[in-house]
Every structure is written in C-alpha cells, then in structure tokens.
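Just so you know, the sequences run in chain order A, B and C. For the record, in the first sequence the residue sitting at position 104 is 104 according to my numbering, with numbers rising by one throughout. For the record, in the second sequence the residue sitting at position 381 is 381 according to my numbering, with numbers rising by one throughout. For the record, in the third sequence the residue sitting at position 222 is 222 according to my numbering, with numbers rising by one throughout.
One should not assume that every hint holds.
Using C-beta positions, here's what the derived DEER-type ranges look like [as the list claims (entries may be wrong)]: (1) B/D327 x A/T71: 55 to 63 Å; (2) B/A14 x C/Q28: 26 to 34 Å; (3) A/T71 x B/N34: 20 to 28 Å; (4) B/K424 x A/M142: 56 to 64 Å; (5) B/T9 x A/V245: 45 to 53 Å; (6) B/N459 x A/I243: 56 to 64 Å; (7) C/P51 x B/A14: 29 to 37 Å; (8) C/P60 x B/N156: 49 to 57 Å; (9) B/E291 x C/P226: 55 to 63 Å.
For the record, the hints were derived by calculation from the structure and aren't laboratory data. In this text, a Cβ means the ideal position worked out from N, Cα and C, and glycines have one as well.
Chain by chain, the residues run as shown.
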Amino acid sequence: MGEKLRGRGMAASWYGIARTATTDRAGAWAELDDGGTAKIVTGVTEIGEGILTVLAQVAAEELGVRPEDVTLGDNDTARSPEAAHAGATRQTYMISNAVALACRDARAKFDPFMADYWDVAVEEIEARNGEVWARDHHNLRMPMEEAVALCKNNGVVPVGAGSFTSEHTGLDPVDGSGRPWQAYVFGTQVCEVEVDTATGEVQLLGVWAAHDIGRVVNPRGVEGQIEGGVVQAVGQALMEDYIQVDGKTTTPGFAKYILPTSLDVPQVTSVLVEDHDPNNPLGVKGIGEPAMVPTSPAIMNAIYDAIGVRITSLPATPEKVLAALRAKRNKDQVAANVAAAE
Amino acid sequence: MADLNISMTVNGRAVEKSAAAGSRLLDFIRNDLNLTGTKEGCGAGECGTCSVFVDGVLVKSCMVPVAKADGAEIETVEGLAPRRQMTPVQRAFHKTGASQCGYCIPGMVMAASATLRENPQADLEEIKQGLGGNICRCTGYQKIFEAVELARDVINGKVPETALDEDEVGESFIGANVRRLDAPSKVTGALRYAGDMVVPTMLHLQVLRSPHAHALIKSIDTSDAEAMAGVEAVVTAADIPGEDGYGVFVHDQPTLATDKVRYVGEAIAAVAAETEALARDAVKAIKIEYEELPAVFDPHEAMSGGPILHDYAQDNVTYHVPIRKGDVEKGFAEADVIVEQDYDTQPIEHAYLEPEAGLAYEEADGTITIHSPSQNITHHRHAASRILGMPVNKIRMIMSPVGGGFGGKEDMHYQCFLALAALKSGRPVRYVFTREESIIASAKRHGFKIRYKMGLKKNGRITATEMYMVSDGGAYGCSTEGVMRKSAILAAGPYDIPNVKVDTIGVYTNNTPAGAMRAFGALQSEFSTESHLDICAEKLGLDPFEIRRINMMQDGAITHTRQKLGSVSIGQVLDEAEKVSGWESGAPTVRGPVRKDLGGDGNREPCTLVPRHTTTASPEEEVA
Amino acid sequence: MLDCDQYLLPKSLDEAFGFLETHGDAAQIVAGATDLLPWAREGRAGDVHIPVLIDITRIPELNGVALEGNRLRLGAATVFQKFLKDSVLREHAPVMPHVAVWFADDQLRQSATIGGNLVNASPAADGTPGLMALDAELVLHSRTGGERRVNVTDFPTGPSFSVLNNGELIVAVEFDSAAEYGASFEKVGHRRSLVISTVCVATVLKLDEVGQNFEDVRIALAGVGPVPVRLSECEEMLSGKTVTAALIDAAAHLPIDRVQSRTRQDYRREVVVSFVRRGIVEALASIGCDVGPFETQELETANG
C-alpha cells in the first residue's frame, strides 16, 4: 500500500562575501557618549538577520561598553553615512568592520586623553564592560561614564568615523577572469528524507549543516540564518512554484503559492566552522545566502538514495516524484522483460 | 455603507466605536484602535500574522467580519502582558532568538500562547500543530519551537525562571549569544513597520496595474478619477519631472508605464485619496486604451526571434556572462566518462511576510522623505534624485523596519510614484500593498534551464565542466546582470577543475521580472553541479563525500575565474558534516533501503497528523 | 475586497428567513466566512459588493451537539475544531477528528463550519467525505418548504453547486453513532498544514462479531472529480467478506475511474488505489485488526 522509504544525500557549496566583482564599501560613525553609553550611526542595518545586535556587540567590544549601552542611529540617507545595501551577505563583513574602524577612531581620541590623564603609555589603556583602566596599574581604573565626562570637560569629544573597503575586480568580458571577492565561504549539508511511495510526498526529517562563516560574532544568530536558509530551500526543493500562464500567475496568493509550515520543516543541526578572514579587522565572513545553497541538491540526492529516482527539475512535488517512480517501474519492467526474453 | 455600532472589550478596556458594515476585525483593531501589533500578511487566512483571541479562542482576524466580534472580549498581542513587561512566551522568544524580521512574530507569539493555554504540557508535535497556521519565512521555525518548549517548561516549573535570562558573556562580546536587541519590540508588537505608520492628514495610495503581458498604451484618461471628491492626486508617467528609468544594473524599468506595458502587474497610474476604498474606486475610474502585442514567455523563444521587449536589446538578451578556463574539448577527450544531464529550476516568490509599504511626505525645506522597507536606500536615493529631478540631498530615504526582504526589496518599484503623489498633493501619502499585489508586481527568483556536461577520470577527477544556462529575467533588468554573474562564477562549485566553460544568459520575456533573491543565481547553478556530482559518483562507484574531496579546492587554489585563494575550508566543512551526521560511506547506488545511518539523532519525527487528545469534557459528561 | 451595506446577525431561524424574504437577491448567507473572505480577493473574485450579508452562526437551532439514542445531531454552524475537542463527537463520529486535524489549521477550524463546508461545495472539501462515510443526513429548512432531508451524498451537484434551494438553509447534520467503528482519513496536498487536498479518502468500517469479516464499510473520496463521492463498488465488494490483504487490494483497484479531474489524472489514479487500501488498513488498525503484509506488486495499477 505504498511504503515510506528513507534515504540520505549530501551536497557541498561555496559562496562569495559582499558585492560581486566591484569594490564594496561601507561607512559608520561612532561616539563614546554620556552616561557610559555609545552611539553608532550607519546607513543600513536590520532586515531581520540580526545585524543590529552584531553591530552592538562589535561596538561594545571595541569601545569598552556593553551591547545594551549602544544606541544605533541608522537607516536614514540624510542622517547617516553611506553603508550601501542590505544584501549580498555583506552586512557582517562590511558594516561591522566599518563600525569597528569607527570605534577604533573614537578610541584614538579617547585613549590618548586617558593615557595623558593617568600618565601612562597609550597602549596601556584598556576598556571593557563600561570600565576603563590602565593595564598593570591597579589604582588607575574608573567607570566609562566618568572617563567620558572627564574627556569632554577637557575639550575632547571621543568621536570617530570608519570606512571599510573590500577589494574586488570586475570580470573580463571574454574569459570571465577576475577577483570577484576577497572572502569565500564553504558549506556542506547532509539531508535525510522519508518518501511516501503511495503519494510521492517527501518529508525532510533532518539536516546536518556545516558552514564556514569566518569569526562568529553571535552563534545563535548564525544558527538562525542556517535554519532559515535551509527552510527556504525546503520550499524551493519541494513545494514552492511561481507559476504563470501566458504571463498571468496562477499562484496569486498564499493558498496557491505553497510555503513550508511548522509541520513541514526538518530538525537542523548546525556546525559552525571558523576560518577567520585575514583581510578584515574582525576576521568575519558571512552566512545569510550561503546557508541555503546546498540544501536542495542534498534533498534531491537523498530522494534518489531512498527510491532511485533522480529529480532534476525543481520542485520535487508529490506528482513529480510519483511520475518519476512510475517511469522507473515501467523502465525496470521493460528491462526485466528483455532479460526474460533473452 | 451603513456603519455598525461595535462594543467590545479589548485588552481589558471597554471599546465603543462605529465600524463599516463589511469591515474585518483586523481592520477595526489596526485602523480604528491603532493597535498595529496585529499585522496583515495575506488577508486570506493563510499566514497567521493577524491572530488574536476572541473570547479566549485564537482566530485569524482577517477572516472575521467585525460584526461577529461585537460584544466579545478581544485580546491582542499588546494585551498579553502589562505595559513594559513580557510573558514567559515572549521572554523565551527573546532568549532563543526566535524573532528575525519580526513580522510574523506577534501572530506566532499568539499561537504559541494559545497552544500552551490549551495544554500547558504540550509536547513538540502538539506545539508544531498549534503553530501550523502561522507562516514564518525567516527562522525556519526551529528557534520558535525551542522558545515555546522553554516557555512551557518555565510555566510548569520544570526549569527555573532564570532560564529566560541572557546567557553569561565570557571573555568577549564577540562570539557570545547576546540576545537580539530588537526582539522585545517584535515579540510585543510595539515595532511599527511602514504599513503601521500613521501621520495626520495622510492620504492613501492605490495603483492601476496592467492586465496585459505586452501591450501598447494608446491613451490614459484620468479625468473621471480626478473629478472624484476626496481624490487628491492622480499620478501618471506624464508627472515625472526627471529622467525616468530604474533598475539595479540597467535603468530600463519605468516608474509608471508610458507607451508600453511589458508584464501583467506593471504599474501605470497611482491615485492618492482620503481613504483606501476611495482610492480603489478611483483607480477603477481611470480609462486606458491598450493595443495588445504578441508576447513571449519562454526565454529560448525570446532569444530566437520572439517579440522584442526593449529596443536596445534586439535579441532580448539582458546579460551574458562567459567563464573560460583551459580547454573543455581537450578535457572531455581526456575523460574516461562523460556525463550529460539537463536541469531546471523554477521561479520563486520571496514571500516576506510584510507586503511592501511606504510613507512619503514633503518636509518644510522641500526635501521629499520616503519611508519604506528598502534594502538599498543608498541606491534608491540616487535613482530617485534622477527620476524626480531633485538634488540628492533633497531626497531622504528612510529604511523602515524590514519585515523580510531576501533580495525582494532591493528594487525601487513604488517609492518614486509614492513620492510624486506626496509632492503633487502636498499631503503625506501611505501605500500598503495587498499580498496579491506584492506577488504580481515584485521580482522573483530567476528560473534556470541548465545543460550540463562533465568529464571525469575513473579515479573521480573532473577533467572538464561545461554548463550552458539560460535564465528567464522577465520583463525588466532588475538584478539580472548581477544574478548571471554570481551564478556563472560559482557554477562549477568549489572544485579544482582544469577546463571550465560556463555561459549564463539572462533573457527578457513578458513574465514577471526576476531579480535579486537570497543566493542570487548560485542556488540554481550549484544545485545542478551538486546533483551532477552524485550522478557521476554513482557511475564511478565513489562515495559522495569522496568524489568531492578528490576534486575540492585546496589552500591557494586557482578558481574558475583564475583568482588565487588563500585558506580554503571546504575540506573542513566536508569532514564536519560527515562526522556530525554519522554518515555511512558508500557510492550513491540507492542505498536507502540498506544503509544503517538512518533514523538517528538530529531527525524529527515524520509528521503523521494524529488527532490530539486534549478533549474538553462536554457539559453532560461533567455532570456525570 | 469584500464590501457590504448591512451585516445582519439573526437570533432565530425565523428572523433569518424574514431577512431572506426582505432582501431577496440582495442577500447572501454567511457562516464562518473563511471561504467568502478569501474569495473576494484579487486573483479570484476581486472586489465584491454584497448588499446584505446574513450571518447564521448565532441561530440557536444551528448550534449544539445532541445525542438522542443512537442518533447524533449537530447544528450546521458547528465548527471543525469541535471534532477534536468534544468527547461526544470524538466517540460517536470517529472519522471526524482525523478529518479535522487535516482541515486548514487550529485557528480557521474555530471559524469554519460544517454547513459552510458543505454549501461551498468544493470538489476538494475535506469535511464532506467524512460526513459521507458517516452516512450523514442533512436537515434543510426553508420558510416556504419547511423541513426536508437529504443524504449528504446527494447534496453537492458540482463545484460550488448543491441541491440547496434559494431561501433554504442547512440547519443540522444527523447520523447514527459510529462509536464502535474503525475510522481513518487519508489526505495528500503539497504540505502538511493549511493545505488543499489533491486527494482525500475517508473510511468508516465495522467488523462482525467474530471480528474477521467486514460487516459495514463506508468509504468516500474527494479531490478527484466535480463532487466528493461514496465508493459503493468498494463497499459492496468488501461487505460480508473475510478481511484479507488480497480482498482489500482488489477493492482498492475498483475506483480508479472515479478520477475525473481536469488535471493530474495519472497521479490521482495511483493515489486513489493506495489511499483506499491504506484507509481500510488504518481504519481496521484503529479497532485492533491487523491485516498483515500486502504483495508488493501493487504500484503498476495506475496505468492499468
């Protein structure tokens, strides 16, 4: 009555970080602000990926405050420096480095003042978690709030600006040669499926995803990107299809355009591999887009493993899987008949 | 339309207001009560962003005529916890990182709350069923499941409430699970997206869109619409002061169609009026004469003498990217096996839960300010400056909270006519897309047709890869050039291949334009490479990991575009994936029925949809 | 978008009939509204103006569940979620929880009514085959005609059409208790929640006292033709016979030609065979009867 058969498949992938085949750039401003807080301004941020939090973590680390002390002013072409667009897996790579550089620029005003004030070498000034101190001088330590007030009272506002560049070149129009990115990431996923041979329905049960994302800023955020990417790829692999007939869509709403629900999604196990990028101050890379690249071929390879049919045309709907099974049976039958006749 | 007098209790407060007879509970909550934590994602009961409790029962408020809720007790996301506090469910969403773009999250929090109210002991399967009517496009649901299980355990006292606190930070904030700073505003419904914004004297915009895939516009008559009381501005291409045309790479798309439409759903005219309903009526009053033209919907036909869409592209080719390395013919000649296969991938809708929306107004100094969930305010500012004929510093683009983008909000397909309506009327103008409008008007993921040929030695080494990819870019350029480029560069995969020939060709057709979408052409080309490698592995009797290791790039490899790489981590991720999945090695010869690594840790249970047994006793039984 | 001038909520059947008389063709009945609201959208009916909507969900006669003797009566405004939650319904209508768990989602099931699902008359309605397998009788009422009864099998006449007359309402659904019966519901669409059936099969069956022979078998099929149908040919072949895998397999092949859809015919033909077989086996399993293994040559049938 139709068995439910399981199989596994895998696929690997690679991806380039930030804008392709053209120099990428992003700018940011930073200020060590009153009350031990910090202000960061940049031209583009959150589309859901968590970059706001990543920037706050980076700014906190660089400035010596806490993430919750960071106020992000952003998203306004008349009020903030250019950071270009929110896409191309460029946010962590481009903008967090611009923020880091802006913070370092602010520290380049703040640290010399504190070194002067305490009469120590500037390299000895350290700050973290809302406190500033001179290394190896136990009595030289004060809250950031106090230090910034002191700095300002002496006429110095600790502000900075940063611009980060990623050097890419265009492709040769004839042979395509060029240096489209300076950072690449790699990934591999294994998928396990159950195929109902009565209906052709494929359920994706497990995904094991190993991705290099460079230095990880927020592990949960990275997992969230991988899990979300995998599930978008489940849609691409098994159900979603924007259909048009003579230019008119027959999938005009979510009743016909089928998206994965909570009952359609696999468990995802992520392994984060950190191959730090040497070409940026933070050593980060990215994960947004590459997370979803290996999933759909790994699913097709798993379907083949389970039932011996190779789906080469996405999506692998129940109808397509069952038709392929039917074709395979007919072919096997013909082969068996030929063998019998011989 | 007669109004109804509605009285109900909303989040514990008595409400008495009149409402239009045909309006939905969702309209009443959002527009009349200004409780915008309840979102509209689809208007058709299919997404769950509008879930609210009515007399303790969770319903989709877009499916409830407001009259049905008269006299009821309503609870919205804003009412779950006292002001400035959060319930354990909301705190758990914060803790686990269950919110990303946040647009589905109020509804998701409501569904999670309903599930745990019904059964505080709900297991994972019951939780999944309880969330089954709420779509999330960002998170993949996993962190949401984790949040609901955590909240359940806290509510039941199985884990201490401190489990909801932030993890301790170690030596550095970098590498720490700092909780998302924006999560509280998302789990409580406080965050206002563009469609939630309200300013005094605001008008509402609606758009006339083409019903034809390819047609000449012979005339546009807006006089009846303009004569309607309450219609404050009607905008057509004739109102564009600057040089029209937008697009991420080539500026071939008009803000509003002039002499020709090239796809179904293309914007032609926009109306700003006192109410959305009035603007819709006014759109219907605009008369357009079309002359239909032959249309082309298949990229191969378009390339071989189909109707021409754009004068500058007589072959309908938007962009062609060639990659040449070595000599593929030589490579095939050296091969022991040659494997050929065709692949194709379908167009995909981004399906961000937040449909496009925007709010535009003129500031006192003559600056035009446009709020929209744009993924590219920098580029949009430049394009708008050119189209509106205003200096760059008089265009102020503000990126409102983005309820999911995935590349679909990179095109500036409505911001300029929205600005024009504000400039023309002298009033703030808001435009909120319906789901259906978002689907027909916005760009899609490119569908690809791929011809693949690979030559390999018996030992599994690839000697040559040849890929010919034709992609349907639809009616306008959008991001097609970039998509073709990224697709081509990455197509042959992270493998060291001496001879590579790749062509990616984006083609104009009269389909919905295709544009940027997460994984931007690489998803399509790498899908074919990774499928193809398994076919080759079976023929050569090699394990799938093994054939990839045999060919993978090493540190210092030269890529297909002849770039010398530094450190290459493909070997590491292959090892890690193989290890964590407990992969049993072997050639991919339909081993499913016999392999021993199935059903282990890391799998969910297959969904069997067994009816739940949380029966509430009927009154008779209680008596008995 | 849906737009109306008046939205009326009659409190009695009599008041509802009064409204119907007063407003005539200007009026339309609405129950859960979960079909009406999505229908009035772009890509389907677009903007729709209905002068008068008459909402019948607050009429007492259309609400409530009553068990009298062996006969169950459900108001037509009973929502689908009730089949999962009400212990009387769970016991006496054992197929319906299986239908309900597949029906839309938790929230829509709180709005969508059994009467509305019947009147909407979708070829892929999930509720209708369930009620067919229960051999339900629909109680219809109009002011002029009074009460009449129709077997649910005879109710739908085509997509969006039924034997319901103008001015007539479904008041209640009645059926004999199937408390001792085994039941199952098989469904496939393109995902697992909120999904329209490509094929669905509802099965309700009972064995004789010995527990070896089919005594009463009722199977209904939807999604494959203009209206959901009872598979009498299968039922007749099975009734009174000893339960064997071979018999079930033979019966499952009978309804292939019931597939009359305009699209995906090969697919549906194959699934129907598998679903009838699986539906019977699972309904038997629900009353503790294990059929044992089937021959594995079953899959070529769809082309036969």
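Legend entry - Hint check, failures only: 6, 8, 9
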